[in-house]
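As they're listed, the protein sequences go chains W, H, E and A. Position 196 of the first sequence, counting from 1, maps to 196 under this note's numbering, and the rest follow consecutively. Position 153 of the second sequence, counting from 1, maps to 153 under this note's numbering, and the rest follow consecutively. Position 245 of the third sequence, counting from 1, maps to 245 under this note's numbering, and the rest follow consecutively. Position 176 of the fourth sequence, counting from 1, maps to 176 under this note's numbering, and the rest follow consecutively.
Treat each hint with caution, since some may be false.
Between beta-carbon pairs, the in silico distance windows are [as the list claims (entries may be wrong)]: (1) 143(A) - 129(W): 53 to 61 Å; (2) 15(A) - 120(E): 18 to 26 Å; (3) 261(E) - 366(A): 46 to 54 Å; (4) 76(H) - 275(W): 34 to 42 Å; (5) 151(H) - 366(A): 15 to 23 Å; (6) 19(H) - 142(W): 48 to 56 Å; (7) 341(W) - 161(E): 50 to 58 Å; (8) 2(H) - 68(A): 35 to 43 Å; (9) 281(H) - 161(E): 43 to 51 Å; (10) 341(W) - 141(E): 40 to 48 Å; (11) 76(H) - 16(A): 57 to 65 Å.
Calculated from the model, a selection of chain E residues having no Cβ within reach of chain W, i.e. all distances over 10 Å [stated by the list, open to error]: (12) 41; (13) 51; (14) 100; (15) 234; (16) 236; (17) 241.
I should point out that these hints are in silico values taken from the structure, not numbers from a laboratory. Note that CB positions come from ideal geometry on N, CA and C, so glycine has one too.
Here's the letter readout for the chains.
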Amino acid sequence: MKRVLVVLCVGLLFWIVLAGVALAQGWVKFLDSDKMLVDTSMYAKTPPWKIGFSNASISNSWRVFFARHVEYEASKHPEIAEFYVTDAQDNPTKQLADVEDLLAKGIDLLIISPATEAALNPAVEKAMEKGVPVVVVDRKVTTDAYVTFVESSNYQMGKIMAEWLAEKLGGKGNIVMLSGIAGAGPAEDRLKGAMDALKNYPGIKVLEQQYCEWSPVLGKQVMATLIQKYPQIDGVWADSALQGSGAIEALQEAGKPIPPVTGEDMNRYLKMWKEMGFEGVAVSFPTWQGQVAVQKAIDILNGIAVPRYVDCPRVIITKENLDKFVRMDLPDEFFMDSRLPEEWLPKR
Amino acid sequence: MLVALFVVAGIVSPIFYRPQNIFNVLQQASALGVVSVGQTLVILSGGIDLSIASIMATSCVFAAALMAGKNSMVIPITLFCLAIGALAGFLNGIITTRRNAPPFIVTLGTALIFQGIRFVYTKGAPFGSIPSWLRFLGRGGIGFVPASVIIFLFLALVMEAILQRSAYGRKIYAVGDNKVAALYSGINVPNIILSVYALSGIFAAFGGLVLAGYLGFGDNWAGKGYELDAIAAVVVGGTSLAGGEGGMGGTVVGVLLITILSNIVLLAGLPYQFQQIVKGLVVAAAVIFYSFVKVSGERR
Amino acid sequence: MVTLIQRILRGNPTLFFVYVILFVFFVFAASTAPQFRTVYNISNLLRQAVAFGIVGIGQTIVILSGGIDLSVGSLISLAACLTSGIMIGNPTLVFPIVFLVLGIGVLVGLTNGTLVAYLRVPPFIATLAMSAILQGSVLLYTKKPVGGVTRGFMFFANGQLGAIPFAFVFWVILLSFFLFLLRRTGLGLHVYAIGGNQEIARLSGIRVSVAKVAVYVISGFMAALTGLFLASRLGIGDPLMGQGFELESITAVLIGGTSLAGGKGGIEGTIAGVLIIALINNILNLLGVSGFWQWIIKGIVVIVVVAAYKVKE
Amino acid sequence: MKQEEALRMVNISKYFPGVKALDRVTFTVNQGEVHALVGENGAGKSTLMKILAGALQPDEGEIYLEGEKVFIPTPQSAWERGISIIYQELNLLPDLNVVQNIFLGREHRGRLRVLSYSTMIREAESLLARVGVGIAPQTMVRNLSVAQQQQVEIAKALSLNAKILVMDEPTASLSETEVEKLFGIIRDLKSKGVTIVYISHRLEEVFRIADRVTVLKDGKCIGTYSIGELDRDKLVKLMVGRSFSETFPEKAKETGPMVVEVRNLSVPRILKNVNFSVRAGEIVGFFGLVGSGRTDLAKALFGFYPHYSGEIVVKGKTVKLHSPQRAIAEGVGFAPEDRKSEGLCLGLSVKDNCVMAVLDEMRSTFFLNRRRETGLVQKFVADLRIKTPHFYQRVQNLSGGNQQKVVLAKWLATRPDFLIFDEPTRGIDVGAKQEIYHLMRQLASQGKAILMISSELPEVIGMSDRIYVMHDGAIVREFGWGERVDEERIMYFAAGLHVER
């Protein structure tokens, strides 16, 4: 009895600490509703199904890989009679219209990758009100009106990158931070994650944080200027390999030793890393989130309970496993944490 | 004005004067410079070209894909990319002249079409790589002078010479000043306009190659925003949006001004948002300045 | 009937042509996509047209006066962000915020107008610069979607009056008002006159500068209104949500047959232009055309439509 | 009859860049008179009237209306004081309708300041009836002929119920009958006590309608005369400061070979079966009312209507003139009617305009040859006596006559065999007119064939060796060498009266 009590107390204490940390970290979701399974029996339907996928855009290669995963997974399920895809071209207003168009087609389930978080609330609410279950993927909505949310946390991604960088520098040094598009959800989340992580490393001094629009051109230009401005840059935190690869080029051309630079699973970055041999880390923002989203969608329509929240585990590529991911023969803009079979890769 | 900015830049940050920084600024200015040369021609003839950025990216993507890292392919594919640019410009020109449609909207449409074409071609994920020769064009240098800026200044100089000294150049001014009078003087106005758009397309494609060289791979959005920056540079350089007035000299200054501006905003450590605000203010101020100079000139 | 058509053709062939195109698109949509014909889809289509419709009205008036307004996109973002950022679900704040936001729109328009009319800055440049300044300001205010609007406020964009979207009714009322303004008031006539020939307008005793400022104020007001509408439609303001509105609204106006040189055209055409663009989007979605091809098709449609108006010199 | 003073402008001065347009001009008009204001182009007439109308502000000077000192800062304030003006260049907006144009800037408003078109339309109808033109008030101005537009302008001026009405070259594009109608209106207004200031280059009109004349020259007031004190010669002498015994140069004594022969030239709906010829050394005049197709004929000869039918023979060779470039290559030159919008690039320099049509000839290898260019320009500036401070002066800063000479220089540079002049002296002062006439005759005597289109009868008769009269797109009469011509006979055919016989 006593032992049971002790176990219980320790367990409780552990819970409280964890909850406290979680609250402090702002991942409250993990603990309340998010780990829960959602009963989807009311959405069960006999095939054939019509599924709508409202994509935010396919205007860059990450999004193309993401969309391909969705379509690849959909193609594997003969139960899906119709699979409609719309492209909002990065415009939330158009996406709202797209969702309305999809609903007009009488879809049984909506998969949505919102163009901007929060702004697509009315779209998903409308779908749920009509009894169409919604799978949100990649970027979040702030309403509760969805069945499941599949993502890979941008906050975590930024945080892991920053922690790696701080550890690599031994907790001490000057870094610059290069973000994506000011005002874009993923960029801001990654930045927030990084900033929160850096609070634990008082020795790390952020010399400057600038936005580079996820453009390799701007990444290179901004870095070239920052090199002039700061004689000593010990590390570069870049929230994506787009500006990251530009920054590496700038460093290389300035004839500087390349300090640790963070990146992601974009082949360009991996290739540079392999060729130049600097200290790098790639934290993937998995393109296969889309595949998971379709799998969850199938579950829902089969009436199988799904988790309220699915976090797709990001791959962390380090020096040790770099060779497993980098492919010198593949194009620069390929994302290597991919689950696509060879024939589904974008090709001419 | 440029001198003033140089002084201000130095006050904001002495780093500005470092040779390496000047090198960077010049290098960063050159792709914008090349496309602004084309934009100047279009604006002088009384038009406007908003398809520049799209042509740049298309050329960049095609260069990477078709050169595939092989130096032997640089020259043929460069020609191919310039041909694509010329084609886009030709489309702009032919519709603007034959159908007398507003260039603003026609070039916007062309931009969309070529955006679609490059994505369809690459399926959204650009492939291939940029061979070392082209890379030298984009990032190499002779001593402290970037190769790309030599090309930019050379092109600007050649076009200025053509504008001021050749029959063709004079015709561009005439068309920009008064299309009807140019027509009545036996100038083949549609052909001039057509050629100007085609040239702008070629310059845009070339700018895309410079950027490809700078960047090292095919990027679907290389040159994003350059169409408006180029217009801003041309206008800041004193070329009138109404056409028929201005020249390359001003454009070179305008391009440097816009680039230096970004540079000193960064050197001053101002956040990105300020860069936009400052750019907006400077462009507005420059144009207000010109209009005052003009008005006081008239009242002289 | 034949004489009527002849009269229309002689009076305003461009307008006639736009509506023919609209009709053709409509018939095409209705015949190829069965889902198109549902009441639900049509009411969606109308609702979708409203955002561009509102900002398009302002843009039309600016273009009629011989100007152009490239600052509407950033202004929309600013307006939407302020709306949701200050309201944060508080119903008592709805009216003050609406006034504040519309006031900011007016102020921005006033600045644009002053730059154009009194400081002689070409409208293209003045509003482009304004756009950069506004976009910078929004991002200084917030980098993420902020706050949220109240349920009641969301009725503005999403409510239904029976089968008809409230927003569409609102748009129709706005349209009638501005049609009336352009056709039946001095300001409207003066806008056409200024766009036709500024010097003649001046010699006719029209206060050109005042009218020009008024035109940009209207455009700023309409852009702010669009920002309110979008905040209502999406429930929240996003600092990048207005991107692209400037160029698309101009496209709609020009497709509607209004001349970029000013003085010719009107809101009647813009209505068709806005509906044509909404229809294209709707059809391409219903037909499931891939995003890459959508760009190409849209580009071609835009060029073909403007090329079809052979404007006389 | 006791004359009250309606208007007195005292010591008015106005400066423009590089020019003193008005130099302490004093101008007095009596109540109820028709007061002609004459002077060469650039004498300052239009500037003075623009100041009166509130469109320009004087740099110094005062204006008195009925003895009371006034300021006229805007066009509205001019109307409020009963001053209205019909400008020299048409001031109508083509994309608005007649009613909107007539009432532009002072629309009638009903309740809630809404425009009340019904009242405006009613009023417009009565105004148009008064002018004697039968057009529907809601017609777009774009669809009106030039003469009809001019009449709408007059209706617009009438609508103001002005006490002082200024007419700046109102008859420039009116036919003889329409001019008569206008004079009727002027007399009618005068009888109602309206004061009229009448600006015209057509001196015979001045003598027919004016009570008094004020002469301006080079921005200065030469004097005011009652019409009885003057005759034509005296007036011209006052205007140009020298006298002209003969207005037109001597006609050609002999002609050379055929240069241009046109056979059955037709352009659907524009030209019908036009046949004519022009020989080297002769000036052939074309007269026709507005809409008769005279300018279209010129355009056809200059390659603007590529789909014509019929034959054009230049120097014995049948040519296909399907573009202006082709026409120029065949030795055709064309000085168009509207100098500012068709003839010149106003923002460019004298030099650039002069060489514009021969740019391709100015090349040595690739670049333009500066020396050849300046040589050419120097020659023409000297030959044609173009008054310009330097070759790089923008042509917009030149006077009308000098601008016309630049146009002429542009065409002479192409060394044409055949020159078409469309209204060569429109809006040009008497002195410059003389120069242009002499230049034209000189060119003819050098062996060029010249086709002159004009709507001024004295000019056509005085200048032409032969005259063709056009009506409704066709040539209706040729007056051959030495054939007796007079204004009535020409007008008889031009007005199409021979058909109705």
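So, going through the hints one by one against the coordinates:
Between residue 143(A) and residue 129(W) the beta carbon distance is about 56 Å. The supplied range of 53 to 61 Å therefore holds. The beta-carbon spacing between residue 15(A) and residue 120(E), approximately 21 Å, falls within the hinted interval of 18 to 26 Å. In this structure the hint that residue 261(E) and residue 366(A) lie 46 to 54 Å apart at CB is violated, the actual value being about 36 Å. The hint said 34 to 42 Å for the Cβ distance between residue 76(H) and residue 275(W), and at roughly 27 Å that hint is violated.
Checked against the given bound of 15 to 23 Å, the beta carbons of residue 151(H) and residue 366(A), roughly 21 Å apart, stay inside it. Hint check: residue 19(H) to residue 142(W), Cβ distance near 51 Å, so the stated range 48 to 56 Å holds. Distance hint check for residue 341(W) and residue 161(E): the Cβ-Cβ separation is about 52 Å, which falls inside the suggested range of 50 to 58 Å. Take residue 2(H) and residue 68(A): their Cβ atoms lie about 56 Å apart, and the range 35 to 43 Å is violated.
Between residue 281(H) and residue 161(E) the Cβ separation comes to about 45 Å, which falls inside the hinted range of 43 to 51 Å. At roughly 46 Å, the beta-carbon separation of residue 341(W) and residue 141(E) lies within the given 40 to 48 Å, and the hint holds. For residue 76(H) and residue 16(A), the hinted distance range of 57 to 65 Å is satisfied, since their beta carbons lie about 59 Å from each other. Non-interface status of residue 41(E) relative to chain W is broken: a Cβ of that chain comes within 10 Å, the nearest being about 4 Å off.
Residue 51(E), annotated as away from the interface, has a beta carbon of chain W within 10 Å; the closest lies near 6 Å. A cut-off of 10 Å between C-beta atoms confirms that residue 100(E) is not in contact with chain W; the least separation is 21 Å. Listed as a non-interface residue, residue 234(E) fails to keep its Cβ farther than 10 Å from every Cβ of chain W; the least gap is roughly 4 Å. The Cβ of residue 236(E) sits about 5 Å from the closest Cβ of chain W, inside the 10 Å cut-off, so the non-interface label is violated.
Interface exclusion of residue 241(E) from chain W breaks down, the closest Cβ pair being 6 Å apart, not more than 10 Å.
This entry does not satisfy hints 3, 4, 8, 12, 13, 15, 16, 17, going by the numbered hints stated previously.
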